[in-house]
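Once you have looked at the hints, place chain B on chain A.
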Amino acid sequence: MSIRVLNPNAEVLNKSAALHMTINAAKGLQDVLKSNLGPKGTIKMLVGGAGDIKLTKDGNTLLKEMQIQNPTAIMIARTAVAQDDSSGDGTTSTVLFIGELMKQSERCIDEGTHPRFLVDGFEIAKRATLEFLEKFKTPVVIGDTPDKEILKMVARTTLRTKLYEVLADQLTDIIVNAVLCIRKPEEAIDLFMVEIMHMRHKFDVDTRLVEGLVLDHGSRHPDMKRRAENCYILTCNVSLEYDKSEINAGFFYSNAEQREKMVAAERRQVDQRVMKIIELKEKVCSGTDKNFVVINQKGIDPPSLDLLARAGIIALRRAKRRNMERLVLACGGEAVNSVDDLTEDCLGWAGLVYEHVLGEEKYTFVEQVKNPLSCTILIKGPNDHTIAQIKDAVRDGLRSVKNTIEDEAVVLGAGAFEVAARKHLLDNVKRTAKGRAQLGVEAFADALLVIPKTLAENSGLDTQDVIVSLQNEHDQGTVAGLNHHTGDPIDPQMEGIFDNYSVKRQIINSGPVIASQLLLVDEVIRAGRNMRKPA
Amino acid sequence: MREIVTIQVGDFANFIGSHFWNFQDELLGLAEDDGADPIFKNNFMDMDVLYRTGLTHQGAYTYCPRLISIGSQGSLGTLSSSGSLYGDSSSSDATDTLTWKGAVTKLAENPREKNLFLKSLSEEGEDDPNIEDKDRVQCLERDIKFWSDFSKVHFHSKSLYELNGAWTDFQNFDNFGDGKEVLLGGLHMEELNDRLRFFVEECDHVQGIQCTVDDSGGFSAVASEFLENIADDYTNIPVLLYSVRDTFSYTDATKQRKLITRSLHDAVSLSKLSTYSSLIVPVGLPSLGGLAPSLCVRDEKNFHSSAVYASAIHSISAPFRFKPAGPISNTTYAAGSLDIGEIIHILAGQNRQNMVAILDVSMPAPSLSDKANPGGILNSFHALGTEIGDDSEDLYMDESLILNGALFSGADWASVSQVKDSICNVYDKGLRAKPRPSHLSISLTPLPIPLPFPSIFPTTTGRRGEILADQPLEGPPKGSLEVESVPVMTRLRSSISIKPFIECRYNNLLRHGMLRGAKGAGLLRDWGFGKDEVDDMGEHLSKMLRIFNPSSEMTSDSD
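Just so you know, the sequences run in chain order A and B. Okay, so the first sequence: first residue is 4 according to the numbering used here, each after it adds one. Okay, so the second sequence: first residue is 1009 according to the numbering used here, each after it adds one.
Next comes chain A alone, as it looks inside the complex (with noise of 0.2 Å):
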């Protein structure tokens, strides 16, 4: 062989071998991640050679745990893991899918077909099935105010397959009242506009969700209060500290008199700009019972603070540049970077504002704000494996919150939506395609049926009793999808089970397009490059 010629390293697997290497590939990456789907199957908890430990049991983490070698096994993997960056879920669904397609597919090419029909098939089934998941999606009117119901249900249905039931249920109203919140009409969902903090706790699993801020600082200095009500909020990024570098080019003093001149000159103009917050601080609270509250992003050094806990402001040094933002949404008023012309319109305002010490760490609650546009999910675990875990579900529900709003649809979870696809393909579109492209169509249906079938799996019924029974529903001409418990038809709508139509979308769309490329494949050649890196 040619490549022979140019490079004597290199090994070539023929058409054949070639395409049995990609398919077992594609079906051993399927069986890793199997077990992971649904709300029955298992968590996976990883520990490493030094003892670290994490748990997880989305296909997505698992996959950038793996550390997969084999580049048909990483093919797959990034289009998966693509699959959630881009809408939040379905990475285990899409392994699973590929998989089944590659299983499929090698039946039909051990009968003899030619993978060049089934790839045609894949594409018939693949546009049919999209147009097919057009009509079968339950439109949700989103408009000024949402079904809250309905959110929660797809919340609920997500979260159900990352955390056990109780967790999960108390999880769902949160995310959904988060969403909610940052929400604003005519505007994308920002949704980094809802903070999520962590704080370990001894025995505590909890969630809740604080309207306002939690910042994971606290104030420097032992005379200001810990807990202050009726606040103005300050927010501001101006250097409140003594900055040498500014005088840089006076860094030769000829005596000690002279440094201490500049020192004093250079402090002058800090202690200026306290004085001046300090000033709109007695303007607007003197002769009552309010409170002034300073959020910088900048340094504030220990003579400013001393100043600013002398007029009674609390004072935070140092915040998040995306708290910036959050503040001003959750508090109104607006983020200054100069304390000239400080006026009352600059301030937000917060009922309550207080600082809670766990050892080193120190956070400081801004609640009770008027027209929240953030807000703040506080998770409370015992260790950081159980801590990151339950972010991870978090960030996922609310992926799929927004995933709803911006869809303005969902689409019936446990399996129904899978078993109605196959029928509609079998039924209807396969007999309009030509010659033995009716195999790929066929061969696409029935990997279909992989997540109904690994939900029973999971859920340690028969699963051929289960399909069978879910087919029969459908022919009857109703909508059923899995009982996890029983392995009896339910209907999703009354369960409450939705997924998103965006995730399912892109699983029809990007799994039959990655089982096409593989399976065109006809000879792969190691010739020592890089294969982890895309072309």
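Just so you know, these hints were derived from the structure itself, not from any lab. Just so you know, these numbers come straight off a predicted model, no measurement behind them. Treat the hints with caution; some may be incorrect.
[What the hints assert, rightly or not] Below, simulated DSSO-like cross-link-like pairs (lysine-lysine); rule was C-alpha separation at most 27 Å, straight line:
1) K1539(B) to K1527(B)
2) K1309(B) to K1122(B)
3) K1188(B) to K205(A)
4) K323(A) to K1539(B)
5) K30(A) to K1114(B)
6) K1539(B) to K1266(B)
7) K67(A) to K1188(B)
8) K1114(B) to K205(A)
9) K155(A) to K1109(B)
10) K1127(B) to K1109(B)
11) K1109(B) to K67(A)
12) K1153(B) to K1309(B)
Structure of chain B alone, referenced to chain A:
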């Protein structure tokens, strides 16, 4: 107090860091130890500059480096990424899972075994009378795989960050593009910024950031992105950056493609890192054989070479933490206090705005009264970087000199005034053209040699690093059991000698990446650089070169 935040990025940077923190730990230990030499009492050095005091949830006080260390996943060896002090109640018992009531599959790697040295720290092997320190030192010489294998320091739970990228092969993590890729789509930067904020927020007045980056591969991109964030968030905090390389990164590339990749990486790396730092010091030799006969370093051991570089970096950081004693800081133990901003100003802010400095070291430094060396001890320096030209004619050179625990004669430590006199003597006698504002810092505390320090001293080295006359020249190298401390002298200089270093990178970028039909242009695109960005990098490097050209004000373009 003027705090320093330390950042280490990449495996070799962490090797150096591991030695660096071992020195600090040793100093802290000696200061507490009544049996130690009074020179280590150290009341003029403020360790709080580098360390922070913390409190665990259980109410125990901690004292940890103010550090962020970034490494690849799995590079921590037996160390847990959350450190050992803030132990959470994690148990790897699968039945303890609180978030899932269904089935749990446990996938556990084999626990890594600790070596004899680490065992003695965790008191597992303490009771075994058959194991002596000699065995521990030998085991370190034999087998070091991870930087944590020889670390005796406790780190804060937010200090150690493992970078994991699903598609990244850290064995071949050798260019800028790889580093950019690993950051894509992840929350790495978000997390790193948060961790840095944690350390900076509690500081009253940060004097600067001291950053060590293994810039031979993808970590250079990680560091430059991190530094870019830092430059945005903390506008006025100066960054002193050591770009370090191990000897392996100089292995000759045989394939042309590899060669181009590497030279473009070097150019991009220098351009990017220098954009986001205030002073950059390239450290790393292809071979440390040149340091003989004062040291015998095995090039193939990162454990060895990193120890030398760490000693130099430690020496330079000494004056950053002298306690202020009035406007002109002069105590009987130290002189010439300096902060990071000031040293950067001396080197990069005056005559020439050259921000690439050369690090020279002399270790163990010869004694001041060494008659055999009339040129003075200043001739004993070895540069720790490559591609360094000659600067004997350079009139605009700036330098800063730091001596730690210099010996006067034999094993006697010199006093501050003795050191000052000797150094001035060298200049006065015209033995060396004095660069204009040169700065001298003196600390009487020598470099302490902790147990996990490699055996790299020749047989003629005494307990205090002095040269013993009556010793045979042959024999196994001495290590931490025979040598307690050594005098170290370092110098940072900003001079025309660095021109070839910058020039080479600029020319490579031009030749392989910018000219029409350049072979590496596609590579730069793959790394995610648009044409404009490549042009900017070229312009940046050419600007760094132009300052060495006296007539540069006249011509706008110096190629």
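Tested hints:
no., hint, in the structure
1, K1539(B) to K1527(B), "14 Å, holds"
2, K1309(B) to K1122(B), "19 Å, holds"
3, K1188(B) to K205(A), "38 Å, violated"
4, K323(A) to K1539(B), "33 Å, violated"
5, K30(A) to K1114(B), "22 Å, holds"
6, K1539(B) to K1266(B), "22 Å, holds"
7, K67(A) to K1188(B), "17 Å, holds"
8, K1114(B) to K205(A), "23 Å, holds"
9, K155(A) to K1109(B), "22 Å, holds"
10, K1127(B) to K1109(B), "37 Å, violated"
11, K1109(B) to K67(A), "24 Å, holds"
12, K1153(B) to K1309(B), "10 Å, holds"
Checked against the numbered hints given earlier, the structure breaks hints 3, 4 and 10 and satisfies all the rest.
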